[in-house]
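Undergrad: Between the sequences and the hints, there should be enough to build the whole structure, so can you do that?
Residue-level listing of the chains:
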Amino acid sequence: MNVLTENWDTYWEGFLGTVKLTAVSAVLALLLGVFVAACRVSPVKPMRVFGGVWVNILRNTPLTLLFFAVVLGLPRFGVVLPFFTFAVLALGCYTSAFVCEAVRAGINTVPTGQGEAARSLGMTFGQTLGLIVLPQAFRSVIPPLGSTMIALAKNSAIAGAFSVVELLGTYRTLSELGFNIVWTFVWIAVGYLIITLSISLVFGLMEKHWEVAR
Amino acid sequence: MTGPVTGPATATVTLEPERKGKAKVEQASALYDPPGPRALARHRLYGILALVVFAGILAWIGYKLVDTGQFAADKWNPFTYQGIQDLLLRGLGNTLRAFVWAAVLSLALGTVLAAGRLSDHRVVRWAATAVVEFFRAMPVLVMIFFVFVALKTEPRVALITGLTLYNGSVLAEVFRAGVHAVPRGQREAAYALGMRKTQVMTYVLIPQGVRTMLPAIVSQLVVALKDTSLGYLISYEEFLYAGKQVATNLDYGLPFIPVVMVIAPVYIGMCMLLSGLATWLDRRGRRSARTSG
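Going line by line, the protein sequences match chains V and A.
Residue 173 in the working numbering sits at position 173 of the first sequence; the count goes up by one each step and never skips.
Residues are numbered in the working numbering as their position in the second sequence, beginning at 1, plus a constant of 214.
It should be emphasised that the hints constitute simulated quantities derived from the structure, not laboratory data.
Please note that a few of the clues may not be correct.
[Stated by the list, open to error] Selected chain A positions facing chain V (Cβ under 8 angstroms, derived; list incomplete):
1. L245
2. G330
3. V476
4. A478
[What the hints assert, rightly or not] Straight-line C-alpha distance at most 30 angstroms; calculated DSBU-like pairs for lysine-lysine:
5. V:K20 with V:K208
6. A:K366 with A:K458
7. A:K458 with A:K278
8. V:K20 with A:K458
9. V:K45 with A:K278
10. A:K458 with A:K289
[What the hints assert, rightly or not] To be clear about the criterion: a stretch of chain A counts as covered by chain V if any three or more of its residues have a C-beta under 8 angstroms from a C-beta of chain V, and this derived list gives those stretches:
11. 253-261
12. 357-370
13. 483-489
Source: prediction; values computed, not measured.
From the three backbone atoms N, C-alpha and C, an ideal C-beta is built for every residue, glycine too.
TA: Here's what the structure looks like:
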């Protein structure tokens with residue numbers, strides 16, 4: 001117990017770091033993921049191909065390799081950014097592939113008639129997708145998005161090894177200070193449980209809130 | 215979208231789903247009509263614009279690569295040395311070894327945990343549920359670091375243990391879902407024939423459940439394969455770690471980008487092969503299910 005109380009500041013900093021990293025990467029992943037999903041269902045073939053390549057490559061890339069390439073590779077390239085930004089880029093792009101697949105599966109659940117009706121009203125592809133199909137897909141996309149976001153929060157632990165302040169990285173400071181290593185990890189585990197459980201709670205509430213009997 | 219549509223075009227589009235890429239064509243019909251001549255011209259224009267943008271991005275990357283001297287001979291020379299090739303191949307071997315160990319052990323652990331979750335005894339069920347839920351909610355890296363730092367094992371053991379605990383727990387859920395997905399009548403019929411619970415499981419439920427589980431199992435193995443690269447963070451001499459050893463060598467001019475260009479395709483290729491297997495199994499399983507039902 002005193003491992004936590006004596007190092008409250010270190011833990012709090014790490015906890016906030018993980019939350020911040022998860023939140024910022026989640027925004028990037030959602031925006032990018034929806035965009036790539038739109039590409040994948042668009043009538044323009046090069047964009048469909050782009051979406052497919054993006055998803056297939058990122059889904060099959062180990063995240064550690066992606067971090068390695070972004071954090072250590074990009075600076076050789078003349079791109080120098082803070083480590084936090086690099087981590088957000090790696091996590092956001094990686095997760096966007098999973099978001100894209102979730103959104104695409106959601107789009108498939110919307111009855112065809114909705115799109116047909118929208119088009120018969122003269123809506124364009126963008127209008128059909130943005131005003132009619134996506135809002136309806138949103139509902140069925142919430143549960144898979146929730147598990148994607150939980151995976152994102154868990155994956156953010158890798159950033160700690162690439163010089164970003166986050167929860168798992170705190171173990172290094174604490175073990176240097178000579179605190180009991182088992183208890184250090186117990187409190188780190190509790191921190192992650194708090195984060196993952198609150199994400200699943202939020203998504204559960206969202207699911208309930210937008211639940212509509214069809 | 216333009217209104218008039220030629221007849222035959224619509225017919226082929228609606229007939230096609232039966233044979234190939236079902237989801238894609240279905241979506242296409244949900245979001246846009248088969249384009250008429252004007253829409254086709256517009257799509258072609260957008261397509262060319264998109265191609266120009268992508269080509270521009272690729273060209274910029276290529277320019278940057280050349281500009282920062284990533285194709286300089288001294289950065290690529292190391293890959294022709296026997297020692298470096300051996301180092302990389304040894305790394306790849308270690309990656310595959312860790313993957314096979316983790317795969318086998320997590321399948322075993324998953325079976326045990328799934329059996330626990332399906333147990334008739336409440337205590338066993340609760341214990342198994344607690345274990346599964348805990349390890350699924352933890353980042354794999356926390357477990358790997360815990361085993362590595364707190365239990366002071368060698369990196370290989372830490373990596374395999376961490377991967378086994380995490381993937382085993384996920385697989386337990388896959389197994390459980392697969393057994394539950396078998397129609398209830400099968401179980402009832404088996405019990406009615408006087409089979410014991412073990413017999414019902416091994417002779418009736420598991421053989422039928424495996425077909426629906428197989429794609430999910432293979433997808434989870436892809437995750438395990440990808441996560442072997444976490445060994446890099448605890449200095450297990452796997453593929454990425456070997457790559458880093460080459461990349462941080464000053465004598466070779468710090469060839470980070472060449473190293474990424476060499477090891478990324480190998481990693482991605484291996485994972486894509488396995489993912490492809492999962493997709494193939496999924497499609498095959500679904501087709502045979504449709505013909506039988």
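Undergrad: Kindly indicate which numbered hints from before are broken by the structure, ordering the numbers from low to high.
TA: 2 and 3
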